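Trainee: Protein chains in written order, with this note's numbering: chain F, 1 to 91; chain P, 1 to 511; chain C, 1 to 333.
A couple of the hints might just be wrong.
Stated by the list, open to error - Here are some of the chain F residues that sit facing chain P, going by a computed Cβ distance under 8 Å:
id	residue
1	M5
2	P36
3	R60
4	I74
5	S75
6	D79
To be verified - Coverage of chain P stretches by chain C, computed from C-beta distances (three or more under 8 Å per stretch; other residues unrestricted):
id	region
7	136 to 142
8	164 to 174
To be verified - Across the chosen pairs, the derived CB separations fall in these ranges:
id	chain 1	residue 1	chain 2	residue 2	range
9	C	A292	P	D28	53 to 61 Å
10	C	N9	P	E443	55 to 63 Å
11	C	I44	P	E354	41 to 49 Å
12	F	T81	P	K369	51 to 59 Å
13	P	S24	C	V255	27 to 35 Å
14	C	D53	P	T415	36 to 44 Å
15	P	N81	C	V255	42 to 50 Å
16	P	E354	F	H34	22 to 30 Å
17	F	H34	P	P391	43 to 51 Å
18	C	A292	P	S24	20 to 28 Å
19	P	A3	F	E24	33 to 41 Å
20	P	D467	C	D332	44 to 52 Å
21	P	E354	C	G25	44 to 52 Å
What the hints contain is simulated information worked out from the structure, not anything from laboratory work. All values reported here derive from a predicted model rather than from experimental measurement. C-beta atoms are modelled at their ideal positions from N, C-alpha and C, and glycine is treated no differently.
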Amino acid sequence: MSNNMVYIALQNNEEARPIVEAIEQDNPDAQINHFPAMVKIDAPGRLAVNRETVEELIGRDWDPQEIHLSVISISGNVDETEDAFILERKR
Amino acid sequence: MAAKKMNLREKYTRMTRDLAWDFSYQRDEDVYKQMTMEGIKIEDWDKWEDPFRLTMDAYWKYQGEKERKLYAIIDAFAQNNGHLNVTDARYVNALKLFLTGVSPLEYMAHRGFAMVGRQFPGVGAQVACQMQAVDELRHVQTQVHTISQYNKYFNGFQEFRHQHDRVWYLSVPKSFFDDAVSAGPFEFLTAISFSFEYVLTNLLFMPFMSGAAYNGDMATVTFGFSAQSDEARHMTLGLEVIKFILEQHPDNLPIVQKWIDKWFWRGYRLLTLVAMMMDYMLPKRVMSWREAWEMYFEQNGGALFEDLARYGIRKPKYWEQSVVEKDVISHAAWGTFYNYAHAAPFHTWTPNDEEMEWLSAKYPDTFDKYFRPRYEHWAEQEKKGERFYNPSLPMLCTTCQIPMVFPELDDLALTCYRSSEYEGDTYHFCSDGCKDIFDNEPEKYVQSWLPVHQIYQGNCGGATVEDVVKWYHMEDGVDNREYLHSPDRRNWDKWTKKATEEEVPPKTAVG
Amino acid sequence: MQIDIKTDNVEPIRNTFAHVARRLGTDKVASRYQEGTLDIQSEINFHYRPLWDPDHEIFDRDRTAIKMEDWYAFRDPRQYYYGTWTIARSRQQDSMERNFSFVEKRELFNSLDDEWRQRVANVMLPLRHLEYGANLNNTYITAYGWGTAITQAANFAAMDRLGIAQYLSRIGLVMDGNSGELLDAAKQDWMESEAWQPLRQLVEDLLVVDDWFELYVAQNFALDGLMYPLIYQRFDQQMAAHGGAAIAMLTEFMVDWFAEHSRCVDAFLKTAANESAENKALLSEWARLWSARAAEALMPVATMGVGDEGFTTMAELQDALQTRGQKKAGLDM
Numbered sequence: 001m002s003n004n005m006v007y008i009a010l011q012n013n014e015e016a017r018p019i020v021e022a023i024e025q026d027n028p029d030a031q032i033n034h035f036p037a038m039v040k041i042d043a044p045g046r047l048a049v050n051r052e053t054v055e056e057l058i059g060r061d062w063d064p065q066e067i068h069l070s071v072i073s074i075s076g077n078v079d080e081t082e083d084a085f086i087l088e089r090k091r
Numbered sequence: 001m002a003a004k005k006m007n008l009r010e011k012y013t014r015m016t017r018d019l020a021w022d023f024s025y026q027r028d029e030d031v032y033k034q035m036t037m038e039g040i041k042i043e044d045w046d047k048w049e050d051p052f053r054l055t056m057d058a059y060w061k062y063q064g065e066k067e068r069k070l071y072a073i074i075d076a077f078a079q080n081n082g083h084l085n086v087t088d089a090r091y092v093n094a095l096k097l098f099l100t101g102v103s104p105l106e107y108m109a110h111r112g113f114a115m116v117g118r119q120f121p122g123v124g125a126q127v128a129c130q131m132q133a134v135d136e137l138r139h140v141q142t143q144v145h146t147i148s149q150y151n152k153y154f155n156g157f158q159e160f161r162h163q164h165d166r167v168w169y170l171s172v173p174k175s176f177f178d179d180a181v182s183a184g185p186f187e188f189l190t191a192i193s194f195s196f197e198y199v200l201t202n203l204l205f206m207p208f209m210s211g212a213a214y215n216g217d218m219a220t221v222t223f224g225f226s227a228q229s230d231e232a233r234h235m236t237l238g239l240e241v242i243k244f245i246l247e248q249h250p251d252n253l254p255i256v257q258k259w260i261d262k263w264f265w266r267g268y269r270l271l272t273l274v275a276m277m278m279d280y281m282l283p284k285r286v287m288s289w290r291e292a293w294e295m296y297f298e299q300n301g302g303a304l305f306e307d308l309a310r311y312g313i314r315k316p317k318y319w320e321q322s323v324v325e326k327d328v329i330s331h332a333a334w335g336t337f338y339n340y341a342h343a344a345p346f347h348t349w350t351p352n353d354e355e356m357e358w359l360s361a362k363y364p365d366t367f368d369k370y371f372r373p374r375y376e377h378w379a380e381q382e383k384k385g386e387r388f389y390n391p392s393l394p395m396l397c398t399t400c401q402i403p404m405v406f407p408e409l410d411d412l413a414l415t416c417y418r419s420s421e422y423e424g425d426t427y428h429f430c431s432d433g434c435k436d437i438f439d440n441e442p443e444k445y446v447q448s449w450l451p452v453h454q455i456y457q458g459n460c461g462g463a464t465v466e467d468v469v470k471w472y473h474m475e476d477g478v479d480n481r482e483y484l485h486s487p488d489r490r491n492w493d494k495w496t497k498k499a500t501e502e503e504v505p506p507k508t509a510v511g
Numbered sequence: 001m002q003i004d005i006k007t008d009n010v011e012p013i014r015n016t017f018a019h020v021a022r023r024l025g026t027d028k029v030a031s032r033y034q035e036g037t038l039d040i041q042s043e044i045n046f047h048y049r050p051l052w053d054p055d056h057e058i059f060d061r062d063r064t065a066i067k068m069e070d071w072y073a074f075r076d077p078r079q080y081y082y083g084t085w086t087i088a089r090s091r092q093q094d095s096m097e098r099n100f101s102f103v104e105k106r107e108l109f110n111s112l113d114d115e116w117r118q119r120v121a122n123v124m125l126p127l128r129h130l131e132y133g134a135n136l137n138n139t140y141i142t143a144y145g146w147g148t149a150i151t152q153a154a155n156f157a158a159m160d161r162l163g164i165a166q167y168l169s170r171i172g173l174v175m176d177g178n179s180g181e182l183l184d185a186a187k188q189d190w191m192e193s194e195a196w197q198p199l200r201q202l203v204e205d206l207l208v209v210d211d212w213f214e215l216y217v218a219q220n221f222a223l224d225g226l227m228y229p230l231i232y233q234r235f236d237q238q239m240a241a242h243g244g245a246a247i248a249m250l251t252e253f254m255v256d257w258f259a260e261h262s263r264c265v266d267a268f269l270k271t272a273a274n275e276s277a278e279n280k281a282l283l284s285e286w287a288r289l290w291s292a293r294a295a296e297a298l299m300p301v302a303t304m305g306v307g308d309e310g311f312t313t314m315a316e317l318q319d320a321l322q323t324r325g326q327k328k329a330g331l332d333m
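Just chain F, with the same shape it has in the complex (with noise of 0.2 Å):
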């Protein structure tokens, strides 16, 4: 069975609502799990976090650095850019 999920952890606070919320807009495949204290979401091949849909939900600039301050852990190859941050499998 070929197996190339992706996954990013979050903390459960209030920084990273809205992050988990763009992912939940940009990546209908996504699926969320909600743990004690953090919030794992798995998805097939590709996640991206874009910083135009995080500033949209928070009304102000956000750096997809911001990041840092709520990631738990991740799966995948990671590529970070002053507009999104994306977690990928290549084939």
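Add chains P and C to chain F, keeping to what the hints say.
Mentor: For chains P and C alone, kept in the frame of chain F given last:
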């Protein structure tokens, strides 16, 4: 003049790799002395990809914010006697294991990454390693600062530094990290960044931190999650370094595969201590070791190794064995610590009825068959005032340094023994994995500081268990032995106004 | 879980870790600096000799000629552990962020005349490479030094130097509107221009110094002790006099950092020098040797920066360093 827009990648390149230059007054091999010792071939360090592009100003900004939050919680925890909110004082023993066994490794990681951060010629790799070096210092210090509060109220934390370098089972984590740091820089990164951080770290941190959350220890949850936010960077470095080495030269593949085999097995054996913690030391269980191994290794590790298949990397040797052993190792380990509770600075106990039921349900094939009878027997002995302590010394595996407690794969009732001859001496191992590691580098592993050998050689304070315990800086009857008879338990009952049950003093002490 | 407790019966059974109490002489509440620093490094029972240095243990006192009875006699006057260090730096970076945006928005580099703009680029920008060398050297001390008291301070210094290299790079990018031309030109100077070669040679020579304590003296006392006052005091003053006062905002971090760093360097050297006559002689010899080399290597940079006064400036700075060495660091210079 309108400033040109610079993207993050360009900017980061200017801020890091552009700082280096080609030496002309010194030779590269004199500045970077360790580059060829392992046979790894790097054609072009510029091909290094920086997945995270944190400059120091951003680093300070985010890390400063994390530290402010974390210390606010540590302060509040101390002011509110937060240690009284844990489920039960038995839980605190998991933290003792953590402070004596794990925190000193964070320190070793700090120094190890500084070494590699100095030895790698590429600036991208240097900076990633240097940031990790200083992060790891953060981890050991935040752990010490958090657990400082527990140290004030419970026994068994106070000598963690002294004990890490001496106590028999702590040679398991210590030798693991000494092994990595004493290797060359590429092997170190394969060992720690890839095999440990990327493949296995979730099995160290997730169980401890979820365990803490379930058991009311909010301070530990906080330092744990705060540390994990650095870990995301560290794991990424692990994956990056493996891809980089493999892309640089085809000759690197067999070397790296051998390291992955070795370090998977080394790391997996180390996690035996975590398995035991999950299944036995948490008054409120999160998930069993078996479930954790399935979720974080069998499933997620599977995706990872498929990702690397295009480079020719296969899953680590003996991973199938870890899948068979998942039904056994936590029980075997707890049994060992129960036997040697007089020689370890934390308490052990037999599981209560409810816990036995949980273990039976989680381990339907093994628990009732092999382990329940032992615990029932021991519990009976204890009730009669004859709590069992094993007076002999166990035989240790030369490689992982764990006592010989692991089973043969085709018969879980049989203990696995392996051995090798080297220069006229015989060396013993717990498994084929550990024997392979020795056979590949016997000249390294014959140096092992094996605690039991050291005791026999008179290097540990004397010949009796009493002498050794004293040399360990353990106060007999306070820091060690049965939980039911411990001052920790008496204090806990007093603080929480719980009536201490009728206590039967132990009849026999071990000499 | 809610526990209804009266806290009056919850008394601590000890105040700090046993190894900390032994050093303090008594079990009293210890500071976070103390608990996070003292005895944190392993000292005995290493399992394997390093493949990269089989003559030594993983950590080994013999990697320097300096001898100490107690390597935790060193005390960072700033009492930095990771938390206090990174929080202090996050405040400074916050202020630097405002300074950069102030200078950029108001295009304050335009207030410098062309000759001085060029001079700022010529004198300051190549120093990002020196800072990178200082980063590697302090990383070396972090890796191979003995005792957390010194090695953690070296680690903070290493990261600080990377930060400074990056601030200098940003100055270059602000000056040329992100084209990167000035940084390229500065690197070419560093590689080829005659004026920079003695300094580049010194930096490269430091990268192969074996004794980590000697490297500490050479980099953090000798070279920094001359270079920082030259650039961030003398040159800064001249620049201010030519319409570059606002530019000084962009070097605020370096100025503050050097003042703080020197206090720590002096405290460490003094502790080592006070330990024994042998230590003192050795440290003094290293300080003399490397400050003479640093002065020589900085001479052409001084001339570039402060013109005809270069020679007297360097002489004054050498005198000042000698005084500092004698009075504050306990050396014989």
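Trainee: If a hint holds in the structure, say so; if it doesn't, say that too.
Mentor: Quick rundown of the hints versus the structure:
1. Taking 8 Å as the C-beta cut-off, the interface hint given for M5 (chain F) holds, the closest approach to chain P being about 5 Å.
2. Interface restraint check for P36 (chain F): the shortest CB-CB distance to chain P comes to about 5 Å, inside 8 Å, so the restraint holds.
3. About 16 Å separates the beta-carbon of R60 (chain F) from the nearest beta-carbon of chain P, more than 8 Å, and the hint is not met.
4. For I74 (chain F), the interface hint holds, the least distance from its beta-carbon to any beta-carbon of chain P being 5 Å, beneath 8 Å.
5. Among the interface hints, the one on S75 (chain F) holds; its C-beta lies about 6 Å from the nearest C-beta in chain P, closer than the 8 Å criterion.
6. A distance limit of 8 Å between C-beta atoms decides the matter here; for D79 (chain F) the minimum to chain P is near 7 Å, and the interface restraint holds.
7. Judged by the Cβ-Cβ criterion of 8 Å, the region 136 to 142 of chain P is covered by chain C as claimed, because 5 of its residues qualify and three suffice.
8. As drawn, the region 164 to 174 of chain P meets chain C at 5 residues by the rule of a beta-carbon pair under 8 Å; at three or more, the given contact holds.
9. With their beta carbons about 28 Å apart, A292 (chain C) and D28 (chain P) fall outside the hinted range of 53 to 61 Å.
10. Between N9 (chain C) and E443 (chain P), the C-beta spacing of about 58 Å keeps the proposed range 55 to 63 Å intact.
11. As the Cβ distance of I44 (chain C) to E354 (chain P) is approximately 43 Å, the hint placing it in 41 to 49 Å holds.
12. Distance hint check: the CB atoms of T81 (chain F) and K369 (chain P) are about 55 Å apart, consistent with the given range 51 to 59 Å.
13. At about 32 Å, the beta-carbon gap between S24 (chain P) and V255 (chain C) stays in the expected band of 27 to 35 Å.
14. Between D53 (chain C) and T415 (chain P), the C-beta spacing of about 38 Å keeps the proposed range 36 to 44 Å intact.
15. The given range of 42 to 50 Å is respected by N81 (chain P) and V255 (chain C), whose C-beta atoms sit roughly 45 Å from each other.
16. Take E354 (chain P) and H34 (chain F): their Cβ atoms lie about 27 Å apart, and the range 22 to 30 Å holds.
17. The supplied range of 43 to 51 Å is met by H34 (chain F) and P391 (chain P), whose beta-carbon atoms lie about 50 Å from each other.
18. With their beta carbons about 23 Å apart, A292 (chain C) and S24 (chain P) fall inside the hinted range of 20 to 28 Å.
19. Checked against the hint of 33 to 41 Å, the pair A3 (chain P) and E24 (chain F) passes, with Cβ atoms roughly 36 Å apart.
20. A hinted range of 44 to 52 Å for the beta carbons of D467 (chain P) and D332 (chain C) is consistent with their spacing of about 49 Å.
21. For the pair E354 (chain P) and G25 (chain C), the supplied restraint of 44 to 52 Å holds, since their beta-carbon distance comes to about 48 Å.
When the structure is compared with the earlier hints, violations turn up for hints 3, 9 and for no others.
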